[in-house]
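4 protein chains.
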Amino acid sequence: MASSSSHTGASQPSAAGGPRVIVAGATGFTGALAAHLLWRHPDFELVAVTGRSELGRPLREVYPRYRVPLTFEPLEVERLQGIDAAVVAYPHAAAAPTVGALRERGIRVVDLSADFRLRSLAAYEQWYGEHPRPELLDEAVYGLTELHRDQIAGAGIVANPGCYPTASLLALAPLARAGLIADLVIDAKQGISGAGRVFDETTHLSMAGENIVPYKVAAHRHTPEIEEQLALLSSSADVAGAPAGATNELKVQFQAHLVPLDQGEMASCYVTTTRPVASEELKRMYTDAYAAEPFVELLLEHPPGVLEVRETNYCRVFAAADGHTGKVIAFGAIDNLWKGTSSQAVQNLNLMFGFPETRGLL
Amino acid sequence: MASSSSHTGASQPSAAGGPRVIVAGATGFTGALAAHLLWRHPDFELVAVTGRSELGRPLREVYPRYRVPLTFEPLEVERLQGIDAAVVAYPHAAAAPTVGALRERGIRVVDLSADFRLRSLAAYEQWYGEHPRPELLDEAVYGLTELHRDQIAGAGIVANPGCYPTASLLALAPLARAGLIADLVIDAKQGISGAGRVFDETTHLSMAGENIVPYKVAAHRHTPEIEEQLALLSSSADVAGAPAGATNELKVQFQAHLVPLDQGEMASCYVTTTRPVASEELKRMYTDAYAAEPFVELLLEHPPGVLEVRETNYCRVFAAADGHTGKVIAFGAIDNLWKGTSSQAVQNLNLMFGFPETRGLL
Amino acid sequence: MASSSSHTGASQPSAAGGPRVIVAGATGFTGALAAHLLWRHPDFELVAVTGRSELGRPLREVYPRYRVPLTFEPLEVERLQGIDAAVVAYPHAAAAPTVGALRERGIRVVDLSADFRLRSLAAYEQWYGEHPRPELLDEAVYGLTELHRDQIAGAGIVANPGCYPTASLLALAPLARAGLIADLVIDAKQGISGAGRVFDETTHLSMAGENIVPYKVAAHRHTPEIEEQLALLSSSADVAGAPAGATNELKVQFQAHLVPLDQGEMASCYVTTTRPVASEELKRMYTDAYAAEPFVELLLEHPPGVLEVRETNYCRVFAAADGHTGKVIAFGAIDNLWKGTSSQAVQNLNLMFGFPETRGLL
Amino acid sequence: MASSSSHTGASQPSAAGGPRVIVAGATGFTGALAAHLLWRHPDFELVAVTGRSELGRPLREVYPRYRVPLTFEPLEVERLQGIDAAVVAYPHAAAAPTVGALRERGIRVVDLSADFRLRSLAAYEQWYGEHPRPELLDEAVYGLTELHRDQIAGAGIVANPGCYPTASLLALAPLARAGLIADLVIDAKQGISGAGRVFDETTHLSMAGENIVPYKVAAHRHTPEIEEQLALLSSSADVAGAPAGATNELKVQFQAHLVPLDQGEMASCYVTTTRPVASEELKRMYTDAYAAEPFVELLLEHPPGVLEVRETNYCRVFAAADGHTGKVIAFGAIDNLWKGTSSQAVQNLNLMFGFPETRGLL
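Protein chains in written order, with numbering that gives the first Met the number 0: chain A, 0 to 361; chain F, 0 to 361; chain V, 0 to 361; chain U, 0 to 361.
Bound conformation, chain A alone (with noise of 0.2 angstroms):
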């Protein structure tokens, strides 16, 4: 009979002799994933999950489809030993006073909130509030790993994208590398996991169920850190003839809603670019930036569904001129747990200790 009293069953073994890492703040959905994810791999060793709302429970009780037998503790970074790694899903604000405390004692962080996401302090500052450890933003790598594999490969603090920014980057990078996105919209629905484990009007299945809900009106978060890795993509335009700079002064026009499923994020992207460009040259540049990488899934006759995604890695990317407008669509398509959030983080990890980038994730 298996050690937890609430059932028996099987339940493969963390890895022992691997990495040791823990997850700080594993009760919400995406620690619990994170945990999860990493409790299966097989090359490092998950030993502790934390989370003050649910001590001394097992995971496996809280998140039944996870069996995580590992029991929520208190986080005391004081008494860490031997860590090597962490994933940290605490809300911003709260998550980089802990991050900063995990590196004093040299232990490596994946941190899943917006602390340490943009690069430029004054836009923390805008959209956020004051910053808890300002010092600690140059130590930080941007962690959406498709852009920023060699950083992420020796940071000791990566900061984990928000989830419409992986679906709305992976489909705008190649536009964004040639200085092609002269103006943005982008359209993104999300499941209702995107709302976490907040028990309100928003997630209830009787009110959230039939329904589609744009919520926070010109206003989202994550658009600052759209705007500032497609500048960062744009500015290091080496294509002869782009016009240089197009993006680096963009303001996106983003829009989230949620609608009725669980887990899928579907980002759709509309671009006037700054000249016209065919569909032959699109699949090019898609092809050219897509085919090597093992979780891009680029789709060359027409576009994904979430569905196609679901609890994977995978993010499926499709874009397309529009004849009528003249403009470009791109759509990108993950699951916003996922990709968009535990697995990329597990990616992450991967690339940090050495491990084959979908070790664990295939």
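These are computed hints drawn from the structure, not numbers from a lab. Among the hints, a few may not be true.
Calculated lysine-lysine pairs in the DSBU-like style (CA-CA distance at most 35 angstroms, straight line) [what the hints assert, rightly or not]: (1) 250/A / 215/A; (2) 215/F / 250/A; (3) 282/U / 282/V; (4) 250/U / 282/U; (5) 215/A / 250/F; (6) 215/U / 250/V; (7) 215/V / 282/U; (8) 250/U / 215/U; (9) 215/F / 215/A; (10) 250/V / 282/U; (11) 282/F / 215/F; (12) 250/A / 282/F; (13) 282/F / 250/F; (14) 215/F / 250/F; (15) 282/U / 215/U; (16) 250/V / 250/U.
Residues on chain F that point at chain V, a partial pick, calculated with CB under 8 angstroms [to be verified]: (17) 63; (18) 64; (19) 306; (20) 307; (21) 309.
Don't be surprised by glycine CBs; every beta carbon is placed ideally from N, CA and C.
Once you've looked at the hints, dock chains F, V and U against the given chain A.
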């Protein structure tokens, strides 16, 4: 015991003595709903439903929710006697000849197809192919009630709008009338009933149920309908100082998505304006437009959810200035089968026969 | 422009001049729906809705689908003037004192709680604890309209049935009246609205959305209500040759499950009969019972689906002999919020005030 | 770039060097899932998928979630070379001749159809009609792994159980073995994937999505399979004092329902016992039966929800004494496509080829 052999139970009889109406093509979702609404309408008498694929079956057997005991008949226009009006729910191109035949017998028609929605024959032929009865175009009135109330009242043919144009145009009309739309993206989301009584991967719950799927990328046939009506609104702009005609040649980037609910539709409209528009001006403009409209619910503080209009003829509208980009965002939420199609058809019939516009619809 | 600041749009006014009614506790799902149905009822005048948790908010803001502009007030029974009837939607034990106070002012009550459903005080106390106002039990009539129509018409207190008893008893009444039920299992399934406006793991779409969950195993409080009513039906058996009283001491094995839809409930009833019952006898028995019932739709060839009764006061019933086991299976399908609770309350109010039973409900 | 023209992206290659397996009839839901599980299995090499309706298309195009790049071929048994095993996913009656042909070439078969599930030819012919290959019945072993592990290991034909029998028998086996089942009702609920890749009213989201529908009333073909296995379990009862054989001639009242989710199945089993059984005895009995089972999770305090086993090979079981009626209630929760069909097929293949039973399934 009730007359049908399939089950017992009471059902309100259709109103005798009022205008006599038929629904042609009532085997599909929209025709069946139109029949349901007319059957329970206090003033119209629904006398027949037609549909070849279900000949001889009572409508209430095919659509148990719609307790219409009438049996599907073949449509034989030449034998119709004493019919005042018809709702035609045929596919485009198939509708026009039937509409013509009905008109020849003096029957007034609300046509749910696309055949008479576009004033421009050239636009029709570009998007749909040859028009079967172009000579009837002049007789047709575009049936978005709130925009063309006066012409609808006296029309012989009312071209009921597409569901996407209904939600989009109600969200945008005040801006268009003021000549303020310089560029426009519409991202629309709809429940699976929008795919109709079609049985394939698009509608199977296992494939559609946890999915978000864009469709008809950069080529949706509702686009010209939206453009033509926006141009019309814009050309009539008499607001002092408005750069009249800005919307006239507007090319709209329109994209539709299926999301996993049954009935409901949201048009999210991203507007680049011809000049800055402040929130207060927006509120005033929209309140002026809609305060007296019985079926437009203007929200002033937050966007609508589609559940709020489910199985009603209401359209909920919300517009906001986006301080970040200087653009405007406007939302229109409807039930695609109701205000998007069948209840708007009844709203138009009310007008055409001199009944209060809300009769049978509250 | 409409009176509320939250949005514009028309709404049918409540009928003036008819019996004046209030809904006490209209902040929950069932009270709010009762208010909605009474507001649009052609003969009742809804004059107030009460609810402490939403004081001062218009009902139509809390429940946007229900366009009732009345604002939530506190319930002050002693200040009520000129009120003819009240629907009380309080939890059990909390309801009885309020019902008593309303009765003292001559107000007729439909009580949605369990407080007056059981004739047996002993049974009440066994399942619910001490009864706050046992002296009122004699005045109460069990409000399953189809079973107690005559008493309801003149009652001061109508104890509206539980939703599970409604579906179960309508599925079983013909068998019970004939004294044919020797043993009985009821497996009931209900949509998430049955959990009410409760925000927790039970109702969060991410946890409830792809789930089937049994609850209250072997201990559902609707059990004694079903048993008492079945015994009552059985004791009045006057069918010649029926083993009268077989159902009298029946212990019912009842189990409820939540399934991922909003509104809808199915009671699947497995009956061991006291003697073999052939299909033809079943059909005759059920047709005799229900042919004249306006809100019972008896199916003769296949079982119902709950979607067929969604947002209606209908109960669909189907019964079949099981040749394999010699038992009978009977199904009752209702909308748990409508016939299961709030529209049945209106059906009872129609009877109590002499209106046709179907008024406001077709 | 990946080999398929449809998209780019990485996919784990199938294991080379292990037993070579094919899936015949992989165009349906269960065959496709079996292919997916075998493709990513660390020890089997999936070498072909067959299916006439999708000839020439890669499986991963038809089922985007299953990233199997193999292309659908016709099945030509006589040309098969070096194949060790086959999963056959054909309809009943169509399966048996193919199974026979595969056996003649020495290929071991897991058959997902009903053709070899019943030991009794008479029972087969009563429920299904003439058996195409009755002489093979003796060679077949019933593939409910937990009940027939030893015979499965050496079998040439494993008749994979139906999904309903899997959930029901695991919920009931301890009671049956003890000879305690005197009477039995099984009420089963299943997601829409149980209807398969069938496109009709049963599966259209607009009709199935907010529905609960009983089907095959009093005549489900899984009934004899459950009865035969219960009798088998009961006949081997050697518990002292047990009224051996009580279950032997049991007629089970079984009823299936479709509920609106994708994957998941709950069997709610209502047991009249041959003698009173206390909760403690139940717990002991079930713990003895399942403590060592890797894929049975026995709950001790509350019933399972099907979401807890979604996309896993686990069956969650809970049994409780019903103090009110003196009966027992037992629940079995599985994923109908996984443990109910395809992952149980892999569990059986693991046994047949000497791999640990959990390989490729945790």
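Against the structure, the hints come out as follows:
1. 250/A / 215/A: Measuring from Cα to Cα gives roughly 17 angstroms; hence the hint holds.
2. 215/F / 250/A: 28 angstroms, holds
3. 282/U / 282/V: Given that 35 angstroms is the threshold and the Cα spacing comes to 43 angstroms, the pair is violated.
4. 250/U / 282/U: Holds - the C-alpha atoms of residue 282/U and residue 250/U are around 26 angstroms apart, at most 35 angstroms.
5. 215/A / 250/F: 28 angstroms, holds
6. 215/U / 250/V: 28 angstroms, holds
7. 215/V / 282/U: With Cα atoms ~18 angstroms apart, residue 215/V and residue 282/U stay inside 35 angstroms; holds.
8. 250/U / 215/U: The hint holds at about 17 angstroms.
9. 215/F / 215/A: Holds, because 28 angstroms separates the two Cα atoms, which is no more than 35 angstroms.
10. 250/V / 282/U: 24 angstroms, holds
11. 282/F / 215/F: This hinted pair holds, its Cα atoms lying about 34 angstroms apart.
12. 250/A / 282/F: 24 angstroms, holds
13. 282/F / 250/F: 26 angstroms, holds
14. 215/F / 250/F: 17 angstroms, holds
15. 282/U / 215/U: 34 angstroms, holds
16. 250/V / 250/U: Holds. Residue 250/V to residue 250/U sits at ~22 angstroms (cutoff 35 angstroms).
17. 63: 4 angstroms, holds
18. 64: 6 angstroms, holds
19. 306: 7 angstroms, holds
20. 307: 4 angstroms, holds
21. 309: Because about 7 angstroms separates residue 309/F from the closest Cβ in chain V, which is inside the 8 angstroms limit, the hint holds.
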